[in-house]
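Quick mapping for you: the protein sequence lines, in order, are chains A and B. Its first residue numbered 1, the first sequence is counted upward by one per residue in the working numbering. Its first residue numbered 1, the second sequence is counted upward by one per residue in the working numbering.
Treat the hints as calculated values from the structure; they're not laboratory data. Hints should not be assumed to be uniformly reliable.
What the hints assert, rightly or not - Take a look, some chain A residues computed to stay more than 10 Å from chain B by CB distance:
no. : residue
1   : Ser44
2   : Asp173
3   : Ala201
4   : Asp222
5   : Pro258
Stated by the list, open to error - Here are the simulated DSS-like cross-link-like pairs (lysine-lysine), alpha carbons at most 25 Å apart as the crow flies:
no. : chain 1 : residue 1 : chain 2 : residue 2
6   : A       : Lys245    : B       : Lys315
7   : B       : Lys146    : B       : Lys81
8   : B       : Lys305    : B       : Lys315
9   : A       : Lys245    : B       : Lys305
10  : B       : Lys146    : B       : Lys185
11  : B       : Lys146    : B       : Lys305
Predicted, not measured: the structure shown is a model, and the values here were computed from it. No residue lacks a Cβ here, since even glycine has one placed at the ideal position from N, Cα and C.
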Amino acid sequence: MNGSEHKIGCAIVGSGNIGTDLLEKLTRSPVLEVRAMVGIDPQSEGLDRARRRGVEASAEGVDWLLGRVGDLGVRVVFEATTARVHTANAPRYREAGVSAIDLTPAAVGPPVVPSVNLAEHLDEWNINMITCGGQATAPIVAAVSRVCAVPYAEIVSTVASRSAGPGTRQNIDEFTRTTARCLERVGGAGQGKAIIVLNPADPAIYMRNTVFCALPDGYDEDAVAASIQAMVVDVSTYVPGYRLKNPPVFDVGPYATPGGPAAGRVVALLEVEGAGDFFPPYAGNLDIMTAAAVRVGEAVARRPLGALA
Amino acid sequence: MTAPAFRLTDSTLRDGSHAVAHQFTVDQVRAVVRSLDAAGVPVIEISHGDGLGGSSFNYGFSRTDERLLLRAAVEERRRAKLAVLLLPGIGVAHDLEDVAEIGVDIARIATHCTEADIAEQHIQMAKRLGLEAVGFLMMAHMLSPKELLGQAELMESYGADCVYVVDSAGAMTIDDARRRVATLKNRLSCQVGLHAHNNLALAVANSLAALEEGADQLDGCTTGLGAGAGNCPTEILVAACERSGISTAIDPFAVLDAAEEVVRPLRPQQGVIDRGGVLLGYAGVYGSFLLHAQRAAERFGVNVKDIILELGRRKVVGGQEDMIIDVAVELSRRAAMAAAGANH
Numbered sequence: 001m002n003g004s005e006h007k008i009g010c011a012i013v014g015s016g017n018i019g020t021d022l023l024e025k026l027t028r029s030p031v032l033e034v035r036a037m038v039g040i041d042p043q044s045e046g047l048d049r050a051r052r053r054g055v056e057a058s059a060e061g062v063d064w065l066l067g068r069v070g071d072l073g074v075r076v077v078f079e080a081t082t083a084r085v086h087t088a089n090a091p092r093y094r095e096a097g098v099s100a101i102d103l104t105p106a107a108v109g110p111p112v113v114p115s116v117n118l119a120e121h122l123d124e125w126n127i128n129m130i131t132c133g134g135q136a137t138a139p140i141v142a143a144v145s146r147v148c149a150v151p152y153a154e155i156v157s158t159v160a161s162r163s164a165g166p167g168t169r170q171n172i173d174e175f176t177r178t179t180a181r182c183l184e185r186v187g188g189a190g191q192g193k194a195i196i197v198l199n200p201a202d203p204a205i206y207m208r209n210t211v212f213c214a215l216p217d218g219y220d221e222d223a224v225a226a227s228i229q230a231m232v233v234d235v236s237t238y239v240p241g242y243r244l245k246n247p248p249v250f251d252v253g254p255y256a257t258p259g260g261p262a263a264g265r266v267v268a269l270l271e272v273e274g275a276g277d278f279f280p281p282y283a284g285n286l287d288i289m290t291a292a293a294v295r296v297g298e299a300v301a302r303r304p305l306g307a308l309a
Numbered sequence: 001m002t003a004p005a006f007r008l009t010d011s012t013l014r015d016g017s018h019a020v021a022h023q024f025t026v027d028q029v030r031a032v033v034r035s036l037d038a039a040g041v042p043v044i045e046i047s048h049g050d051g052l053g054g055s056s057f058n059y060g061f062s063r064t065d066e067r068l069l070l071r072a073a074v075e076e077r078r079r080a081k082l083a084v085l086l087l088p089g090i091g092v093a094h095d096l097e098d099v100a101e102i103g104v105d106i107a108r109i110a111t112h113c114t115e116a117d118i119a120e121q122h123i124q125m126a127k128r129l130g131l132e133a134v135g136f137l138m139m140a141h142m143l144s145p146k147e148l149l150g151q152a153e154l155m156e157s158y159g160a161d162c163v164y165v166v167d168s169a170g171a172m173t174i175d176d177a178r179r180r181v182a183t184l185k186n187r188l189s190c191q192v193g194l195h196a197h198n199n200l201a202l203a204v205a206n207s208l209a210a211l212e213e214g215a216d217q218l219d220g221c222t223t224g225l226g227a228g229a230g231n232c233p234t235e236i237l238v239a240a241c242e243r244s245g246i247s248t249a250i251d252p253f254a255v256l257d258a259a260e261e262v263v264r265p266l267r268p269q270q271g272v273i274d275r276g277g278v279l280l281g282y283a284g285v286y287g288s289f290l291l292h293a294q295r296a297a298e299r300f301g302v303n304v305k306d307i308i309l310e311l312g313r314r315k316v317v318g319g320q321e322d323m324i325i326d327v328a329v330e331l332s333r334r335a336a337m338a339a340a341g342a343n344h
């Protein structure tokens with residue numbers, strides 16, 4: 001018996017770097033099977049690679065796909081195009097009865113970080129994967145805010161220059177704003193701030209993330225540290241290269257933060273090494289997006305029929 | 001008075017913000033703007049040291065919201081233009097709308113010297129708002145003159161009116177500064193500037209060399225108040241220009257008074273190039289890391305020299321102040337392990 005008959009069909013829209021890395025990761029999924037990959041560039045390396053793996057591939061874009069979702073048995077689509085394209089496609093997926101995992105900044109659906117709020121949003125037709133910085137740092141803010149109030153959280157994401165594509169570069173403000181909002185909405189911080197730095201060092205550096213959380217009077221250092229450590233373990237179940245570079249650092253304030261006065265702060269120093277699927281290992285920023293998206297896609301595929309609103 | 005040979009931007013109230021841990025008050029800003037404006041300094045830059053939106057755990061929180069400082073400066077200035085700094089990735093283009101409304105004239109958009117393309121939307125926004133746009137290529141010692149030119153050309157193509165060679169680490173020798181300015185001057189149609197730091201005690205010399213290569217703009221900070229070992233000291237640059245027969249249209253005695261009476265009291269020790277300051281220039285490490293590195297050395301009981309040299313080895317760039325904590329923690333863990341090993 002063919003094992004794939006037990007798997008749920010999915011499709012990848014967008015045949016660039018992100019789409020191609022998704023193809024590699026989904027090939028290993030015990031839950032999902034890629035039935036189609038579509039792009040708009042007939043010369044695309046991603047489409048070629050899909051065909052070599054026996055996946056139907058087309059350069060005729062989403063129109064081609066939407067005519068075939070029934071035949072191909074596609075129930076989940078991963079969108080790795082642009083915010084504008086996804087905003088246009090989103091209602092069409094809904095009409096076709098296909099769930100969408102959105103890796104663009106379109107933010108049509110709620111922002112989801114698998115280790116934090118996936119269970120709350122399993123009834124959604126559209127889920128947004130936020131930003132790489134959000135995937136890497138919101139879990140830590142959430143880990144702290146589940147033990148004590150976090151009036152203000154701030155993150156610094158440093159990525160290798162080579163791993164930042166033209167989309168990120170031309171819209172760097174979108175990254176800082178979207179990530180900052182996610183620290184509040186997903187992480188539970190009173191106020192969030194995000195900073196991104198591009199580092200051109202050769203050999204390329206692994207993605208680094210530093211999370212600062214303001215802490216209130218009477219915070220429990222051991223509880224905060226334990227919660228952070230536990231969260232890192234949770235995230236590393238779907239992003240194996242996600243780790244604390246050093247134990248959390250506690251500093252005594254007082255600090256006058258934009259979210260109000262704080263008695264102290266905790267600093268978490270993280271590194272993300274990519275799995276080396278399609279991207280080199282230094283591109284942990286891209287790997288964490290695709291790895292998190294696969295985790296969400298698998299959970300969406302597993303939910304009982306009829307669970308959707 | 002003859003027309004000035006170049007335009008001087010005094011960054012005491014921006015780069016100098018690093019040296020006072022971003023604690024400037026409205027009264028201090030008023031006094032500095034008044035005295036520099038009266039001396040004939042044509043441009044005064046005011047922002048958090050890391051630019052608009054720089055107030056943070058990572059770089060230090062501002063004591064006073066920079067928009068309040070800018071409003072005070074607008075009220076005090078008579079002739080001087082006012083500039084702000086913005087680093088894409090830290091501040092956002094929208095911040096420029098706020099400051100344009102307050103009355104700022106010039107937006108300086110800074111990126112690491114290899115990353116000019118992240119400044120496109122910010123330079124364009126500055127131009128749309130009717131501001132003068134200056135591109136600021138930081139840590140320019142890390143790129144060859146030819147590679148730097150490629151990045152400068154990008155900034156010019158986005159609409160920059162001037163592109164600066166920025167020696168953020170104070171690592172450039174006279175020849176380094178001269179060749180970079182000359183290469184940009186030869187090929188760009190827009191203006192070219194040099195922003196010098198004094199780690200190797202070459203800031204004034206590098207600035208004069210830049211003028212010989214045709215630089216249109218230079219930066220200084222009164223008393224040198226600025227990141228790391230400090231900047232090119234405005235009052236010394238003006239005096240040296242005067243002695244070299246280079247017109248500045250700035251009153252050398254008035255700017256000397258401003259330095260001595262208004263800025264010097266803010267940080268009396270400014271101008272001493274100590275071990276940490278020289279090491280930054282020697283290792284090519286971003287100037288504003290110095291005070292953070294000194295604090296981390298004290299906090300984690302490690303040597304500031306070891307922190308600076310390790311940061312240099314890691315090739316960190318401007319904005320990565322978080323790596324100072326990372327390096328200090330690692331050095332202290334390594335020292336603890338070595339001590340434990342020695343006990344066995």
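Results of checking the hints against the structure:
no.: 1; hint: Ser44; result: holds, 23 Å
no.: 2; hint: Asp173; result: violated, 4 Å
no.: 3; hint: Ala201; result: violated, 4 Å
no.: 4; hint: Asp222; result: holds, 18 Å
no.: 5; hint: Pro258; result: violated, 8 Å
no.: 6; hint: Lys245(A) x Lys315(B); result: holds, 18 Å
no.: 7; hint: Lys146(B) x Lys81(B); result: violated, 32 Å
no.: 8; hint: Lys305(B) x Lys315(B); result: holds, 16 Å
no.: 9; hint: Lys245(A) x Lys305(B); result: holds, 22 Å
no.: 10; hint: Lys146(B) x Lys185(B); result: holds, 12 Å
no.: 11; hint: Lys146(B) x Lys305(B); result: violated, 32 Å
Hint compliance for this structure: hints 2, 3, 5, 7, 11 are not met, and every other hint is.
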